[in-house]
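Build the full structure now, drawing on both the sequences and the hints.
Spelled out, the chains give:
2 protein chains.
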Amino acid sequence: MIVVQKYGGTSVADTARIWRVAGRIADAKRSGRDVVAVVSAMGKTTDQLLAQAKQVSPIPPARELDMLLTAGERISMALLAMAIHELGYTALSLTGSQAGIITDATHGKARILDITPGRITAGLGAGHVVIVAGFQGVCRDSKEVTTLGRGGSDTTAVALAAALGARTCEIYTDVDGVYTADPRICPSARKLTWMSHEEMLELAACGATVLQVRSVEYARNHGVAIHVRSSFTPAEGTWIVERGDAMEQAIITAVAHDVSEGKLVIRRVPDKPGIAARIFTTLADAHINIDMIVQNVAEDGMTDISCTLPLEDGPKAVQLMEAIAREICAEAVLFDEDIGKVSLVGAGMKTHPGVAAAMFSALSEVGVNIEMISTSTIRLSVIVRASDVATAVRAVHQRFGLDQESAEVER
Amino acid sequence: MIVVQKYGGTSVADTARIWRVAGRIADAKRSGRDVVAVVSAMGKTTDQLLAQAKQVSPIPPARELDMLLTAGERISMALLAMAIHELGYTALSLTGSQAGIITDATHGKARILDITPGRITAGLGAGHVVIVAGFQGVCRDSKEVTTLGRGGSDTTAVALAAALGARTCEIYTDVDGVYTADPRICPSARKLTWMSHEEMLELAACGATVLQVRSVEYARNHGVAIHVRSSFTPAEGTWIVERGDAMEQAIITAVAHDVSEGKLVIRRVPDKPGIAARIFTTLADAHINIDMIVQNVAEDGMTDISCTLPLEDGPKAVQLMEAIAREICAEAVLFDEDIGKVSLVGAGMKTHPGVAAAMFSALSEVGVNIEMISTSTIRLSVIVRASDVATAVRAVHQRFGLDQESAEVER
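Line order of the protein sequences matches chains A and B.
If you're matching positions, the first sequence starts at 1 in my numbering and goes up one per residue.
If you're matching positions, the second sequence starts at 1 in my numbering and goes up one per residue.
Any given hint could be a false lead.
Repeated chains share a single entry, so a pair holds when one copy, or any two copies, can fit it.
What the hints assert, rightly or not - Here are the computed lysine to aspartate or glutamate pairs in the EDC-like style, where the Cα-Cα straight-line distance is at most 16 Å: (1) K316 / E337; (2) K54 / E86; (3) K54 / D14.
Since the hints were derived computationally from the structure, they do not count as laboratory data.
These numbers were taken from a predicted model, which means no experiment stands behind them.
Structure follows, in structure tokens:
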């Protein structure tokens, strides 16, 4: 049986931790499994390489940046292979290109198009532990080295599990699973035993950093179960699985929060067809990802348009919108950095009306004002003051009984 | 016109130096030349990676060690490409594999078998500066990544110059050329304007570390001129060229010294056929490189056998020889670490008798005792006490007039 294990940067941050990972892989081998281990670069290596690149060039050529960053996993995977050899097993480390991770040509955030795992299966067939560099691939057409973007190693692991027919992909990380809320701001948060791909997708999109969104999408599309667990303890973590129709669904699974966005407001925009389209086309052309959008009711032919977007894109967005505001005679462009988003996620939400009302009353009871609202079938998000985020998370976590063991049992 | 330039680790040790190298390459582009730049890993990177490997495994698997070490040039070449972009030129960095450096399967000291420079010539054709990772290649049969061993970047550069039809290979280093002796122990040493491949080969084999022996062999076999020069100054360095018959040859070109070897002595060996063969076969089987061998005249059917070999192989050689000594009833095995080798090199030596006599008298006049002697057609080496090496170098350097400008003019 093949098992795919992914070890993040903190799990291989130094040689002592690499030894621990090697020991875990040896355990899996001893229990008779074929192991494919996907590794990230050691600790802060990627950040250090990025900083070196910035010293040389403020906007380095994307191809060369990928060439540079892929040195990181090369180091961690070779050291891990050596440690496994010391434990008496044989190991073979493979770059993304050698492992057959075929991508498109988008340097810096390439998408996986195909996996041709010939060297992996040959390595497993010869009895080796196969170690694969996460985060990297090779472009199908140009044969250039590419990277998958931040957190791309999760996607590498899930894609390999799908291609190799492994039922499970184990993601080892520095937390021991997915929680009902961030335990750092909500001490009563509990570790979840399982959740659906859809719920994890919404959580990841709403600020939960434990898994990359794309890896969860890939797992959902290919039916791969993900087991998120700690590389420091043997305890089971959280399973992210396909939702069976027969499963009992909790109304609410978890609360996520995100303070990485700001709010852009364009005041007193003429309420005419085409204006909103022009604004959001301009932002899209500048590769600025818009999250929530609110347009209030027009009075005297004028309206306010608000949207949220990543904090780092704020200055650029303001610059673009000020140019448009002058042309269309809007009154002002404002950017508010002090906001936070609090999201409720739960697959049972769609069949339970009244979730929004319960959330709003919980927030009102602790004096938190709601500035914007957005919903999907299994998610409800509100924008509040950044300073209110912790209070809001605790209030809704308690209101929906997420700190109760029973909520878990009910599943 | 294509020029191949090689920049060693000290030349790209930090971002400031990478900028300087980029500036030099831009100068060459401005003067209308197509540039292929071969780079080593930054500063002490290779040593640091080796140290990390040793932390994990005392004898790491050679394949994985090559995977690890090749991360070094990947970093330096990508940063250099970025710096060149900043200067307004386009650059393309290529790994050894991408550059078509085809080797045999000997991980850690692979030999170049062929160069298939399709991606290099395509890059040059598109107007790019092409940067190639030194020291690394790819095995013809297994497609595994290989390294060429210490100093292998020199060989990469010379081999590329030969394959691309470049007349000259510029080797940029931290010294400004090849000297008549090591200036650190012989202050009157002068920089040589040129020398032949054969002379450089002998010097490199006798302890001159400026170029790797194999790169000089490759240059000689393929008729490539090497220009050794400093990456810190614009001054011309030393040209290493094919020897034309019409060239005037100085009798002596330079003095080299080497304190990296020790002397193994097996005392009172029975003077019978087959014994010496057995001793040296045993050492060869253990991959111990023997340099000089001396066997003294037999008395009462017994003889002493001495040879020199790398200091780090001393303990292993002693262990092997003690086992043999017991069997053949030799008296003792000794290893002397306090020796040094002083060598005179000069293509004119073979037509000038009396060089040995002049060297021996020069040494005798300063009280240096000679323990072993070895010669080739253009080299004369003696083993002396390690503490006598500096005195010996200065004495022969002066005796053969190497500190005189005239010696140079005579060429």
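Is it within, between, both, or neither for K54 and D14, if the alpha carbons may be no more than 16 Å apart? Close across copies (13 Å), not inside one copy (25 Å); limit 16 Å.
Regarding K54 and E86, is the shortest C-alpha distance of 16 Å or less found within a copy, between copies, in both, or in neither? Between. Shortest inter-copy distance 11 Å satisfies the 16 Å Cα cut-off; intra-copy 38 Å does not.
Intra/inter-copy verdict for K316 and E337 if alpha-carbon distance must be at most 16 Å: within (14 Å within a copy, 68 Å between copies)
Every hint from the earlier list agrees with this structure, and none is contradicted.
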